[in-house]
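Make a model of the complete structure from these sequences and hints.
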Amino acid sequence: MIFTTEMIQLFAVVLGRDCERVTEALLREGVMQFINISELESDKPESLSAIKPQVSLAEISDLRKQVEGFLRTGGITPSPPNEKDLNNRAVVDVKRESIRLDKMARERDSMRERQRTIQQEILKIEDIKRQVELYGIGISDVTLPAKHSFISMQLGKLPASNVKLLEDGLKDLPSLNIAMGRENDMAHYLLISMKRDSESINKILANAGWSRVELPSELKSVKKDVFTELAAKLEKLTGEQKQVEEQVDELIRKEEKHLSEVWVNLRVNELFQKIQANFKSSSRTVIFTGWLPSSKKDKLTRMIKQACEDRCYLEWNEAGSTGIIGDAIPVSFNNPKTLAPFQMLVKNFGIPKYGTIDPTPFVMPLYLAMFGLMFGDVGQGLVLAIAGSLGVHFWKNDKAKEGLRNLAWLIIWCGGSSVLFGVLFGSYFGKSLFRPLWFDYHGIIAGHSMYKSAVNDIFDVLAITIYFGISVIFLGLLFNWINIIREKKWAELIFDKGGILGGWIYAGGIYAVSYMISHDFKELPPGAALFFLVGLPALLLLIKEPYHFFKHEASAERSNLLFALINFLMEWFVELLEIFSGYLSNTLSFMRVAGLGIAHVCLMISFFTIAGMTSGIASVAILILGNMLVICLEGLSAGIQALRLNYYEFFTKFFHGTGQLYTPISLNSTDK
Amino acid sequence: MSKYSFLNAKLRARISKILPDELFDELGAAPSIDAALALLADTPFGALEEIYSRTGDLKLAERELLKSEIGLYKNIREHIHQDCADLLDALLSEFEIENLKNAIRLYFDRKIRKRSVESQVHYILYDRIIHDIPIDIIVNAENFEEIAGVCSGTPYDQIIKKYSNTVESEGSLFRMEVGFDHFYYQNLLASIAKLNRRDRETALRLTGVEIDLQNINWIIRFKNFYDLPLEAVMAAIVPGGFNLDKAVMGELYSAQNVTSVLQGFVKRKYPGLSALLSSQTSDSTSRLLLIRRILEEIMKQEVQRILAGYPFTIGIILSYFILKRNELKKIRTILNAKHYGIDQERIESMI
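So the protein sequences, as listed, match chains A and B.
The opening position of the first sequence corresponds to residue 1 in the numbering used here, with each subsequent residue numbered one higher.
The opening position of the second sequence corresponds to residue 1 in the numbering used here, with each subsequent residue numbered one higher.
Please keep in mind that the hints were generated in silico from the structure rather than gathered at the bench.
We treat Cβ as the ideally placed atom computed from N, Cα and C, and that holds for glycine.
Don't take each hint at face value.
Here are the in silico distance ranges between beta carbons for each label pair [stated by the list, open to error]: (1) Lys67/B to Asp172/A: 46 to 54 Å; (2) Leu307/B to Val574/A: 48 to 56 Å; (3) Gln301/B to Asp85/A: 40 to 48 Å; (4) Gln301/B to Pro53/A: 41 to 49 Å; (5) Met450/A to Ile15/B: 43 to 51 Å; (6) Leu307/B to Pro53/A: 27 to 35 Å.
Heads up, simulated DSBU-like pairs for lysine-lysine below, C-alpha to C-alpha not over 35 Å straight-line [unchecked claim]: (7) Lys67/B to Lys17/B; (8) Lys84/A to Lys274/A; (9) Lys17/B to Lys242/A; (10) Lys242/A to Lys330/B; (11) Lys17/B to Lys353/A; (12) Lys236/A to Lys59/B; (13) Lys101/B to Lys59/B; (14) Lys242/A to Lys59/B; (15) Lys129/A to Lys101/B; (16) Lys17/B to Lys74/B; (17) Lys488/A to Lys551/A; (18) Lys347/A to Lys101/B; (19) Lys95/A to Lys67/B.
Okay, here's the thing in C-alpha cells:
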C-alpha cells in the first residue's frame, strides 16, 4: 500500500492457431498493458509481421463511433460490454451494417433538411411579425406606411386557377398571403411582403394575373386578423417542426435495440483487435509483451495456458531486471477503496514514479488532521457529512460522475474529522456544550477559557501547528530518503536539498531555534554544538558541486578550473540560501492551520455576539445564517489550505509526479 | 489587487470549465453533426444540441453561440473596475462592428449586386450590443446615405461616409471593412493607453499578437483573392503588432520564402516554436498558413505565461477572452466541417 503496485512484464510466444483464444483470454482478464512489439524489431526485423485482421481496426472503430453517434443523438449512452458479450462475439458484417447506418443517416438527414425548410418558413414569418410589431402597421398603412416600415401590404384579386402559381412564386420570399374571399372565379387576397423584395414580388404578381383592388371598408379592422394569421401560421409551422423532431427520435428509438447490440459486438471486436495490434507474428508463432501487476501473474499464466493448451512460452521479468523491454513501467495504485477520495487528490498532483512511495495512505490522516484543526466543530462537521452523503447518494450509480462521488466522500471524511476535532475542542455549532477533551479553542480565543489544559493561549495553538508542520516535513524527508535508497542514488541521498545533509541542517536549525526560545531569545546553543548542528553539514554541502564536476564534467571543463571554483562557491551559497529560506518558509507555512482555526472560532464568536444583540427569531436566524456562511466559506478554505499544505510542503519533499498510469486493455476500457 | 481579486477567482473557475482538447478530438472524430452535437449535450454548450434537434438549422445554433459570447463580455463588464470599462467596451465593439459589417454586406449584395439575401437576413443580430444601430434599416436601405444617417451618433457613420463612394466605384466593400478594422484596433489601443503601466504592458503584448494574427490573415487573403499593389496592402495593415511590424508585413507580402522573414524573432523570442519553421511547405500560401499557426502558438504561449504569472492584472481577463474565443471558434469550425462532411484529418488541421 505504501509503494505503488509491483509490476511484472510478460513476454509470451504462442502458436498462431491459438492466437484468437489467447487474445480472448487476455481481454477477459483485462490486466495487460501492452508494449508494441515493434520495439523488438531491431533484433528480429525480417521474421516478424503485424497480424492482419479480416476487417481493419480503423473500419471497426469508425463503424462503432457511427453507431455510438446515433445512440447518443437519441440520448443513449452505451454500457461497456461484459463477459457474456465476449462469449457471443461475432464477426462484424461491416458492409451490411454500413448500408443500414447509411440508410438511417440518409433518412435522418432528409428529416433535418425538412426541419431546415420549415425553420426558414418560421424565420420569414417571424421577420414579418417583428416588423409588424415594431412599426404597428395596419391595413390603412397600405397607402401610408409607417416610417421605416419595411412591410408592403396590398389587396388584390387574381384568377382562382392561378393561386397555386402565386403561392409557389412566393415560397422563397418572406410573405403572408391571406385569403379574403372569392367572387366568381376571382380570389381576393391580402398580400404582406417585404419592401426590399418588391421587384421580385411584382414579377410574381404579374405572372399570376394579380390586379390591385380598393380597400373595402369592412377590412379596416384587418390588423387584428393579420396578427391572428401570423400566429396561426407560426403555430402550424412549429407543430410541423415538432413532428419532424419526433420522427428523428423515433427513427433512433426504433433501431435502439439493434444499434445497442451492434455497438457491443463492435466494441468487443475493437478491443480484441486493439490487443492484437500489439502482437507480431512469424510464420507459425505470435509474440506479445506487456506489463501487469505481479499479483495477477498466476491467474493470467493459468488462463493463457488453458487457452492454448500449454502450447506456449511465457517469460516473466520483474521491473528493474535486465530482460525487460521498454523503459516506462506503468504505475498502478494499490490502495483500498476507502482511500479513493485521497487517491484522487494525489492523482490530481501527479502519478508517482514507479517503485516510489505512494503518499495516498499518509495524505488521508494528514489532510484530515489539518482540516479538523482548521474546522473543528461537531455540528458543522455533521452538516458537511450529511451534505457529502447526499452527494454520494445522488451520484451513486453514475460511472461518469466518479470524480464527483469521490469529492462527496471526501466531504464526508472532512465532516467526520471536523466532528472528532469538535469533540476535542468542545465546539458544537460554535457553542461549548460539553467539556472539551483536549483544549477549549473558543475560550482561548475569547480570552476566558473555562477549562485547564496544556494549551492555554494562542501561542500554544500556533506552536501545535508548527510542531505538526515539522513532523510533516520530516515525514516528507524520510520518504525522500527511502525513494532515493530504493533507486540507489547514494550521492543524491547525501547532497540533495531533501537529502541527509539538508535534513541535518533542518534538524539543527530546529534545535537552535528551540534552544533560543527556551532561553528567552537571548542565547544561542554553544558554538561547538551550533557548528556540529548547522555549520558542519553546511560545509559538507560544499563537496557536492566538485563531486559532480569531477565525476561527470571534468574532462570537458578541466581547462577552466578557476571558473569552476567560483561556480562551486556560488552554487554552494545559493543552495545554502535555498535550504535555509525554503525550510523556514515551509515550516512557517503551517501556521496557516492555526490562522484558519482561529478565524473559524472568531467568526463563530462574532455571530454569537451579533445574535446576542437581538432576540427571538432574529437571533436564531443570525445563528443559522452565520453557521451556513462559516460552513460554506470556512469549509472551502480549510479544504483548499489542507490541500495546499499537502501539495507544496509535503509532496515537494519526495514526490515526482512523472509516472505513467497503468491502463490495461479490458472490457471496461474507456479509450475512444 | 482588489481591482482583480474577485474577477480573477471567477475567471479562473470559468477557465477550468473550458472544454478540454480531448473533447475536441472526439468532436472531430464524430461521424456526423448530430453525433458531434450529442457530445456537447452535457457541456455548457448543450443549448446548441437543443436548437439543432429542434430546427435542424446550424446557423441558428451558431447565432445563439454568438449571443452567448456577447453575453459573456457584458457579464464581465458588469464586474469589472471602472478603470478597465473602456477596454471592455472596445473589445465588445468588435462584435458590433462585425454585425454591422454583416448587415452592410447584406445591403451590398441585395442592392448593388442584386442578389437575394433572404436566406441570410435571419442570422444577423438585431439586438443592441453597444450603440442603437437599426440593423433592419441597414439591411433594407436604399443607399449608403441612409445607412450613414441611421448610424449617426455612433462612431461608424464617418467610416461609412468616407468609403461609400469607393465601395460603389470599386464594387467592393474591401476598403470600408479595412476601415472598420482599423477603427476597432485604434479604439482598442486608445483604451489600453488609459490603463496603468502593468496592465498596459500586458494588454499591449496580447493585443499586439492579436494584431499580428489579424494582419497575417489579411496578407493571406490579399495573396489569394486580391491582386493588390504593395502600397494598398501596406495601407490595410493594422499598426501596433507585437512581433511583426509594417516592414516585416511588406516583406511577407512580397517574399517568396516567407518563413525566412520570421526566423529571426521566432528563434530569439520563442525558441520552442522554431522547429515549426523548418516544416517543408510547397507554396507561399501554405507557408503563410504555417505562419498563422506559429502566431496562434505564440498567442497560446502568451496566454499561458499570463496565467502562470502575477494574477491580478488585466491579463487574466484578456486571457480568458482569448481562450473562450478559441473554444467557440473551434466549436464553430468543427460543427460547420461536420455539416459539410469534411473528414477528420482536415478538421484537425483546421483547429
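> Can you list which hints this structure breaks, lowest number first?
Replying inline: Of the numbered hints given earlier, those the structure breaks are 1, 2, 6, 18 and 19, listed in rising order.
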